[in-house]
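Modelling step: build the complete structure from the supplied sequences, incorporating the hints.
Okay, here's what each chain looks like letter by letter:
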Amino acid sequence: MLVINRKTNESVMIGDNIEIIVSEVENDRVKLCINAPRDVVIMRKELLEVKEMNVQASKTLADDKDSNREKMKALAEGLNKLGGAKA
Amino acid sequence: MVKADHLKNFEYSENDVIHFEFGIPGFEEYKDYVIMFDEEYPFIMTLQSIDSEHLSLVVIDPYTVFKDYSPILSEQDKEYFGNCKNLKYLLVTVVTSNISDSVTNLKSPIVINTETKRAKQVFLENENYSFRYKLFSEN
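Those protein sequences? They're chains A and B, same order as listed.
The numbering used here numbers the first residue of the first sequence as 1 and each following residue consecutively.
The numbering used here numbers the first residue of the second sequence as 88 and each following residue consecutively.
Worth flagging that the hints you see were computed from the coordinates, not collected in a lab.
Predicted model, so just to flag it, every value in this text is computed and none were measured.
Watch out, some of these pointers could steer you wrong.
Unchecked claim - If we take Cβ atoms under 10 Å as the criterion, some of the chain A residues that face chain B in the derived model are:
| id | residue |
| --- | --- |
| 1 | Ser23 |
| 2 | Glu26 |
| 3 | Val30 |
| 4 | Lys31 |
| 5 | Ile34 |
| 6 | Asn35 |
| 7 | Asp39 |
| 8 | Leu47 |
| 9 | Val50 |
| 10 | Asn54 |
| 11 | Ala57 |
| 12 | Lys59 |
| 13 | Thr60 |
| 14 | Asn68 |
| 15 | Leu79 |
| 16 | Leu82 |
Quick reminder that beta carbons are idealized off the backbone N, C-alpha and C, glycines included.
This is the structure:
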């Protein structure tokens, strides 16, 4: 991992055609301006995490009704044991 | 809400349909869903796409497991929902074959305005909520 310090209005280049500019710094928030070719996908990291989890969650239920029911039952039993205890 | 036959062959009315203006991350093109439940386990539901029969996610009612779930919405999300009094929260849950490995997403709940039927998967402002919270282990 490369660690670089930048001041406001300074940039980082990634490869030849991706530029990240530190546009504004306020308290613990940083505003970044990113120049990149259209085919480069840019997203907040947490969005990728949620995407991956949603895709994984969508695979829980298959076409087999009985195995779905089994899973739901097992989950319900597990949750019942927890019974609202956690915060 | 719609009764599940886990899953196929369900009927629903227009009134049951919830609309995600932005879709959900990973499935942005699918905007309309119904929530299905099995009477036997009312706190475990399925978010079922009405456009793609294979697209369904298991969701749980957070208050079943977390009595003190206190979601904090961003200003932007509050605007999306308008009236924040009728908001229902559901947590996307990955149910693994070994049930004890199951995780639920506390940080990015599905939020539904039960009156307008507008829905969105949001990012909460809460700092200590996990994307992948292990339901069945000591945290």
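Each hint, compared with the structure:
A cut of 10 Å between beta carbons decides the hint on Ser23 (chain A): the least distance to chain B is about 19 Å, and the hint is violated. This hint is violated: Glu26 (chain A) has a C-beta 16 Å from the nearest C-beta of chain B, more than the 10 Å allowed. Here the hint on Val30 (chain A) is broken, as its CB sits about 17 Å from the closest CB of chain B, past 10 Å. Because the closest C-beta pair between Lys31 (chain A) and chain B is about 16 Å apart, greater than 10 Å, the hint is violated.
The interface hint given for Ile34 (chain A) is violated, since its Cβ lies 19 Å from the closest Cβ of chain B, which is over the 10 Å cut-off. Below 10 Å, beta-carbon pairs count as interface contacts, and Asn35 (chain A) has none with chain B, the closest being about 24 Å; its hint is therefore violated. Look at Asp39 (chain A): its Cβ only gets to about 18 Å from chain B, farther than 10 Å, so that hint breaks. Evaluation of the Leu47 (chain A) hint against chain B yields a held restraint, the C-beta minimum of about 6 Å falling below 10 Å.
For Val50 (chain A), the interface hint holds, since its Cβ comes within 10 Å of a Cβ in chain B; the closest pair sits about 5 Å apart. Checking Asn54 (chain A) against chain B by beta carbon gives a least distance of about 4 Å; that is within 10 Å, so the hint holds. With a cut of 10 Å, the hint placing Ala57 (chain A) at the interface with chain B holds, because the nearest CB-to-CB distance is about 5 Å. The interface hint given for Lys59 (chain A) is met, as the beta carbon of that residue sits about 8 Å from the closest beta carbon of chain B, less than 10 Å.
Restraint check, Thr60 (chain A) versus chain B: the minimum CB separation of about 5 Å is within 10 Å; hint holds. With a cut of 10 Å, the hint placing Asn68 (chain A) at the interface with chain B holds, because the nearest CB-to-CB distance is about 5 Å. The beta carbon of Leu79 (chain A) comes within 6 Å of a beta carbon in chain B, closer than 10 Å, and the hint placing it at the interface holds. Of the supplied interface hints, the one on Leu82 (chain A) holds, with its beta-carbon coming within about 5 Å of a beta-carbon of chain B, less than 10 Å.
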